[in-house]
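Going down the list, the sequences are from chains L and E. Number 324 marks the last residue of the first sequence (our numbering); no jumps. Number 752 marks the last residue of the second sequence (our numbering); no jumps.
Derived by calculation from the structure, the hints in this document are not laboratory data. Just so you know, these numbers come straight off a predicted model, no measurement behind them. Positions of the beta carbon are idealized from the N, C-alpha and C atoms, including for glycine. Misleading hints may appear alongside valid ones.
Estimated spans, in silico, between C-beta atoms of each pair [claimed, not checked]:
no. : chain 1 : residue 1 : chain 2 : residue 2 : range
1   : L       : G182      : E       : A730      : 45 to 53 Å
2   : L       : R318      : E       : G747      : 49 to 57 Å
3   : E       : R618      : L       : N156      : 50 to 58 Å
Here are some chain L residues the structure puts well away from chain E; computed CB gaps all over 12 Å [what the hints assert, rightly or not]:
no. : residue
4   : A23
5   : G136
6   : W262
7   : L291
8   : V292
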Amino acid sequence: MKRAALVVLLLAALAFPAVFTLPFPRHVMIMIFLYGSLAVAWNILAGYCGQISLGHAVFFGIGAYTSTLLVARAGVSPWLGMLAGAVLAVIVSQAVGFPVFRLRGHYFAIATIAVGEIVQTLFINWDWAGGARGVFVPIRRPDSFVNFQFNESKAVYYYIALGLLLLGLAVTRRLEGSRPGYYFRAIREDQEAAASLGVHVAREKLRAMALSAALTALGGTFYAQYLLFIDPEAVFPLSLSILICLVSVLGGVGTLWGPVVGAAVLVPLSEYTRVWLGGTGKALDLVIYGALIVLVAVAQPSGLVGLARRLGRRSPPGQ
Amino acid sequence: MSLLTVSGLTKRFGGVIANRDVSFAVASGELVGVIGPNGAGKSTLFDLVTGFQRADAGRVTLDGADVTRLRPDEIARRGVARTFQKLRPFSDMTVLENVMVGAFLRTADVAAAREAAHHALTSVGLADRVDAHARGLSTGQRKRLELARALATRPRLLLLDEVTGGVDQATIPGLVRLVRELHAGGLALVVIEHNMRVIMELAQRIVALQLGEVIADAPPSEIVRNPRVIDAYLGQAWRP
Numbered sequence: 006m007k008r009a010a011l012v013v014l015l016l017a018a019l020a021f022p023a024v025f026t027l028p029f030p031r032h033v034m035i036m037i038f039l040y041g042s043l044a045v046a047w048n049i050l051a052g053y054c055g056q057i058s059l060g061h062a063v064f065f066g067i068g069a070y071t072s073t074l075l076v077a078r079a080g081v082s083p084w085l086g087m088l089a090g091a092v093l094a095v096i097v098s099q100a101v102g103f104p105v106f107r108l109r110g111h112y113f114a115i116a117t118i119a120v121g122e123i124v125q126t127l128f129i130n131w132d133w134a135g136g137a138r139g140v141f142v143p144i145r146r147p148d149s150f151v152n153f154q155f156n157e158s159k160a161v162y163y164y165i166a167l168g169l170l171l172l173g174l175a176v177t178r179r180l181e182g183s184r185p186g187y188y189f190r191a192i193r194e195d196q197e198a199a200a201s202l203g204v205h206v207a208r209e210k211l212r213a214m215a216l217s218a219a220l221t222a223l224g225g226t227f228y229a230q231y232l233l234f235i236d237p238e239a240v241f242p243l244s245l246s247i248l249i250c251l252v253s254v255l256g257g258v259g260t261l262w263g264p265v266v267g268a269a270v271l272v273p274l275s276e277y278t279r280v281w282l283g284g285t286g287k288a289l290d291l292v293i294y295g296a297l298i299v300l301v302a303v304a305q306p307s308g309l310v311g312l313a314r315r316l317g318r319r320s321p322p323g324q
Numbered sequence: 513m514s515l516l517t518v519s520g521l522t523k524r525f526g527g528v529i530a531n532r533d534v535s536f537a538v539a540s541g542e543l544v545g546v547i548g549p550n551g552a553g554k555s556t557l558f559d560l561v562t563g564f565q566r567a568d569a570g571r572v573t574l575d576g577a578d579v580t581r582l583r584p585d586e587i588a589r590r591g592v593a594r595t596f597q598k599l600r601p602f603s604d605m606t607v608l609e610n611v612m613v614g615a616f617l618r619t620a621d622v623a624a625a626r627e628a629a630h631h632a633l634t635s636v637g638l639a640d641r642v643d644a645h646a647r648g649l650s651t652g653q654r655k656r657l658e659l660a661r662a663l664a665t666r667p668r669l670l671l672l673d674e675v676t677g678g679v680d681q682a683t684i685p686g687l688v689r690l691v692r693e694l695h696a697g698g699l700a701l702v703v704i705e706h707n708m709r710v711i712m713e714l715a716q717r718i719v720a721l722q723l724g725e726v727i728a729d730a731p732p733s734e735i736v737r738n739p740r741v742i743d744a745y746l747g748q749a750w751r752p
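One chain only, chain L, in its complex shape:
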């Protein structure tokens, strides 16, 4: 039953660009997939392993900048740049994680904010990387897969974004059914108890951080190739780190589908209020976000997925 529903959902996602040919609905779906995949990546570290990061824009930005600088300065295919970005993000995540994981709870979260701010400031002042002005991805015509540029139609971007999301979900699913996944959750629940059972807490946290950082960096490269322009304000802001966290929290942290549900609710909200209200309603989506988050925190801390589960339990079996 559940499997059938997933197959239908996947087929609908695959058929969507054939039905909706206008750019805007496709754009909304692409953003849902992108933010969904970022939230899925964040969820591995924060939801499963319990390490709340508010600096994930660092890995997103590293992904975006690595591929963009490689293609703009050296003509390297963004696909290779994407891999390089993921590798670099993993290296940075380990270097940052080693000291920062000594901190717990709120202190860890605050330290990740600080790291995010430092990296953004570095890029604003780094002239070779475009400084505050940012970097353009050189336009290549005609569209080609090697160049990771599709200016004629959003359909290809759509499928790449969907692929990123599915990759993140597959990694999470695999994690849930393997030893590291159990270790991550044990660390989230009680790291002393986990250590007493032989869990190398520091190593497992770094593993979670590496997975999370790599997946986040892939999204960064995608974003750069989709918009063809990046600057530190767009790819390193604290607001992005917070948004990734909010998407997950709204949908349900520590669950496979929570981040996807969160993205499916928040992204259309943001995109449609932007379109309907134009300049006058500039921050209205943030006001609604805020209200939703307060509502979730107070009424249903396990998010929309938790709410669905609770409602599911309440209805009598067979219905």
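Following the hints, position chain E against chain L.
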């Protein structure tokens, strides 16, 4: 050779000396009790042996190998498991998943870990609660859960911090029987226990601590006659 040897362990917290020059040994398959008033340093001793606290002086050896500076997970890997005085279940995980975390120390295979966890849960009498969330268990059941979790790591030495603390009278005999079965199976145990009847019944030897120092290390029959132990802990009612 002793399985566990503790020699000259000292631990200070600021001006407080939690353990002062503590020495004792545990042989393979032995069951040693640790008694003493609150604040005597019993739990600190466990923390030092299992790597959760770092000793200021002294040595802990396991089968002759120095493990004083090892991390908790390294000590677990060498076959020392423990429970905590304040219970620490993984609340948001099921009973089975809790125990699987322990079982994963000896296998990376999920099916094998699940089987080992089932086995450990059966041995502590929790087989009917495998799918319950740990947060839904009673205190007695949580004690059993922590035991199962520790046993799933396949220890040679098990440190139990208060077997009967915080559980009702009716639950105590079952827990005591369980500990005795584990001991009969060849496991070495060190047991912190406040219930004197229980520890007298279980232990082959008792180490008495007061203000961080060992004031007696003897079989139970001698411990109850030791004047220092009576003054520090047991009280006059025990004087024969």
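These are the hints, each one checked on the structure:
{"no.": "1", "hint": "L/G182 to E/A730: 45 to 53 Å", "in the structure": "51 Å, holds"}
{"no.": "2", "hint": "L/R318 to E/G747: 49 to 57 Å", "in the structure": "52 Å, holds"}
{"no.": "3", "hint": "E/R618 to L/N156: 50 to 58 Å", "in the structure": "56 Å, holds"}
{"no.": "4", "hint": "A23", "in the structure": "40 Å, holds"}
{"no.": "5", "hint": "G136", "in the structure": "44 Å, holds"}
{"no.": "6", "hint": "W262", "in the structure": "17 Å, holds"}
{"no.": "7", "hint": "L291", "in the structure": "31 Å, holds"}
{"no.": "8", "hint": "V292", "in the structure": "32 Å, holds"}
Of the hints listed earlier, there is not a single one the structure fails to meet.
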